[in-house]
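Visitor: When you get a sec, could you build the whole thing from the sequences and use the hints?
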Amino acid sequence: MPDSPATTHGAQQAANSADPANFANFADPANAANSAGAEQPPYLLHHFKSASQQADAAGFAMWLFLLTELMFFSGLFTAYLIYRNWYYTAFVAGSHQLSVVLGATNTVVLIFSSFTMAMAVWCSKTGRRRELALSLTLTFLLGLGFLGVKSVEYREKFENHHVPGRHYSLQSFLYPQSDPQIFAEYHDRPLPLDEARHTEVYFSLYFLMTGMHAAHMIIGLGILGFMILRARAGAYTSGHATFVENFGLYWHFIDIVWIYLFALLYLISRH
Amino acid sequence: MSSHTIVSLPDQSTARIPKRNYLTEENGLLSWLLTSDHKRIAILYLISITFFFFIGGALAGLIRLELLTPQSDLMAADTYNKVFTMHGIIMIFLFLVPSVPATLGNFFLPMMIGARDLALPRINLFSWYLYMAGGILALYAMITGGVDTGWTFTTPLSTHYVNTNVITTGMAIFIAGFSSIFTGLNFIVTIHKLRAPGMTWFRLPLFVWAHYAASILMVLGTPVLAIALVLVALERIAGIGVFDPAKGGDPLLFQHLFWFYSHPAVYIMILPGMGVISEVISTFSRKRVFGYTAVAFSSVAIAVFGFFVWAHHMFIMGISNYTVLVFSLLTMLVAVPSAIKIFNWTFTLYKGSITFETPMLYAFGFMGLFTIGGMTGVFLGTAGTDIHLTETYFIVAHFHFVMVGGMLMAFLSGIHFWWPKITGRMYPERLSQLAAVITFVGFNFTFFPQFILGTLGMPRRYASYPPEFQILNVFSTAGATILGVGYLLPVLYLTWSLKYGAIAGNNPWQATGLEWQTQSPPLTENFTVMPVMDHEAYDYEWLERQTLASQSEANLSQAKQEQALGKEKEVPRAG
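These protein sequence lines are chains A and B, in that order. Counting in the working numbering, the first sequence runs from 287 upward without gaps. Counting in the working numbering, the second sequence runs from 683 upward without gaps.
These are computed hints drawn from the structure, not numbers from a lab. Errors might be hidden in some of the hints.
Unchecked claim - Keeping only pairs whose Cα atoms sit at most 30 Å apart, straight-line, the calculated BS3-like set for lysine-lysine is:
{"#": "1", "chain 1": "B", "residue 1": "K969", "chain 2": "B", "residue 2": "K875"}
{"#": "2", "chain 1": "B", "residue 1": "K929", "chain 2": "A", "residue 2": "K436"}
{"#": "3", "chain 1": "A", "residue 1": "K411", "chain 2": "B", "residue 2": "K929"}
{"#": "4", "chain 1": "B", "residue 1": "K929", "chain 2": "A", "residue 2": "K443"}
{"#": "5", "chain 1": "B", "residue 1": "K701", "chain 2": "B", "residue 2": "K1181"}
Said to hold, decoys possible - Across the chosen pairs, the derived CB separations fall in these ranges:
{"#": "6", "chain 1": "A", "residue 1": "Y546", "chain 2": "B", "residue 2": "H842", "range": "29 to 37 Å"}
{"#": "7", "chain 1": "B", "residue 1": "D755", "chain 2": "A", "residue 2": "L479", "range": "45 to 53 Å"}
{"#": "8", "chain 1": "A", "residue 1": "T364", "chain 2": "B", "residue 2": "G832", "range": "19 to 27 Å"}
{"#": "9", "chain 1": "B", "residue 1": "V1018", "chain 2": "A", "residue 2": "F363", "range": "25 to 33 Å"}
{"#": "10", "chain 1": "B", "residue 1": "I1001", "chain 2": "A", "residue 2": "F346", "range": "33 to 41 Å"}
Beta carbons are placed, not taken as given, at the ideal position from N, Cα and C, and that holds for glycine.
Guide: Put into structure tokens, the structure is as follows:
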């Protein structure tokens, strides 16, 4: 039924013995001249007056959903704030284990993917079918690239036993010289045992925050894949750009979260 | 119309349920499971929350049976832990949170603002599926061993010391939580974007205002609970150390995150109930709600203050004295908007033409019991008394007065009030009045003794207790039995009324809301003509003028109308 509102609408009209002109007035009370309903696009759901009202409602809902997402991440950001205050030295030492080069690369990749996503929204609104599919595909590839770089970083953490849990190792923090490259860059002093142990909290938060972010990326890529298939079949370019637009909002949101993560996890302790 | 009732039913010999309505629009199981009609989704919710309510109720029965005697003899102590935990989880997440919003809110919020559906009908259906997935997962966790942390999942108990289904249950709540987020989101968008012409913010029924406030809490609070549960699960699975003191984490952080949702959650539960009470009090005293604007804003104020009081659950958990002081003061603030509501309802009654139909009886029950529950909340918000009373039966009595005495009364009030609109048939009035009285009496027998038990020092969450507490516990268990009868009766007679109840007609209560100005049960599209709101909310003079006008019109042009509209068509009342 939701996929064919126009036909059910028509069937209801026929079944209803009330004045059909009045009935159509529900759809467009401001413009009674058009009350025949011929002007209404097929994707308009039966409870909206106009396509713009429908798009408005969907956009508003998306912003609210992003607010929900923000609250979801805010729990982690709160934890980060508190523990960084408590365990400052451990957070600095932990942060030095991350590769700023890889983090910066990923930031560039993601910002560029936001650009291609914005292009996709523009193509969808201006009815450029081929370009839409291209921009979406580029966004998809860039997203995939981001996850690729992330997995390289994760692998390194596994190899160095920096993943919290039973196999967590304090070696890098008790004996900084054991990582010659990092030692050459930062000249970290060895941490006392109790402070070194708090690096596990840092890496817990690192994996939680980037992991939650990556989970959102993966969901986003799934939706992108679906959109690419539909866009190649010609969807989204006939005036109904809501879906692309709202997904764009989601994609930019993930992008912004990453920018904060990059600053808080990689950059803030780089001195 | 006699002086002691306002019920005006159509002539039963000729009245019929309209052939075309949302119940008859389509048939078959799939037409229900794949529907996007907010009214049908509300019915789906009504059936499922009733199911979970009776499971939670049965668990409550087991708790009361165990506490009949001082020894732990009906079940082992750890089984008792699992029973009260599941009772709490089912009642809170699967019954109280969705009770009014997902059923009555889903059904009537769009109708009250003159819309055809919620803004996102498919998301609405999706949220019901999420709810069911969460509910079934919770039942699965219960059957395969249960969980014994209490509904609060307190760390490090939940992360290190228990070996029960913490993760599965946490996941169930996580999923059910998203159902609640989507419902709240849908309501906010609908209220903003789909109001009928002339339906300004200050013409909205107070039911809608209350749902708006509750929706803000759902959208902003629930995700924080979600992340807290994810962290507990990951701490168990992967050994990350955010809450683990051995690794430098702090268990208190979990409490902050958990109560940041779970305190606002009590307002998610109570606010929609308050919305119901506003509608019922106004209808059965034939008066506009006194201080409409104040009542509307008090809902929003409760929602806003609600976000800044969470640490009053943690006064004995090792937070600083200054924190205690600040949160104690903020907690007192919540009493102000709550009192505004109670006082305004009381003034609505003043010089009103009060009648005592069942919804009104429940509403009176709500006002009395919620006042007691709210006032004892002030005791608990006061740091000194809280340290004495917390973790005793006093707190159990307090939140049951608010949740059961308040919210459940409001839910039953609303179900009876709108039953004629939902089904097109009346419930049996005498029997339901009796049920309302039984519920009230049973409730007080069950929970009042618990206040005394608490002040005497009986701790909560234990299967056994010193023998001197037995007499009050026997009172409580006896009361629970009466209460059980009070809840069973409505299920029986409401089901009976589906077939045998009197035909209700459009507006049996002569209420003013837009939902009453259309046929019962409503059409799938709610209104044949888009309603235009040309009067204030609760304007009984407008209703009278409408009725008179449509009667004279009907008399004048009856023949012409029958020709134009067909002989079954009733006279439209909305503009």
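Visitor: Hint by hint, say whether it matches the structure.
Guide: For each hint, the structure was consulted:
1. A hinted pair counts as satisfied when its Cα atoms are at most 30 Å apart, and K969(B) with K875(B) qualifies at roughly 29 Å.
2. Straight-line distance between C-alpha atoms of K929(B) and K436(A) comes to about 26 Å, which keeps the hinted pair within the 30 Å bound.
3. For the given pair, K411(A) sits about 52 Å from K929(B) by alpha-carbon distance, which is inconsistent with the 30 Å threshold.
4. For the hint pairing K929(B) with K443(A), the CA-to-CA distance comes to about 18 Å; that is within 30 Å, so the pair holds.
5. Restraint check for K701(B) and K1181(B): satisfied, since their Cα atoms lie roughly 15 Å apart, inside the 30 Å limit.
6. For the pair Y546(A) and H842(B), the supplied restraint of 29 to 37 Å holds, since their beta-carbon distance comes to about 31 Å.
7. Look at D755(B) against L479(A): about 51 Å separates their beta carbons, and that is inside 45 to 53 Å.
8. Between T364(A) and G832(B), the C-beta spacing of about 23 Å keeps the proposed range 19 to 27 Å intact.
9. Distance hint check for V1018(B) and F363(A): the Cβ-Cβ separation is about 32 Å, which falls inside the suggested range of 25 to 33 Å.
10. Between I1001(B) and F346(A) the C-beta distance comes to about 38 Å, which sits within the given range of 33 to 41 Å.
In the structure shown, a violation is registered for the earlier hint numbered 3 alone.
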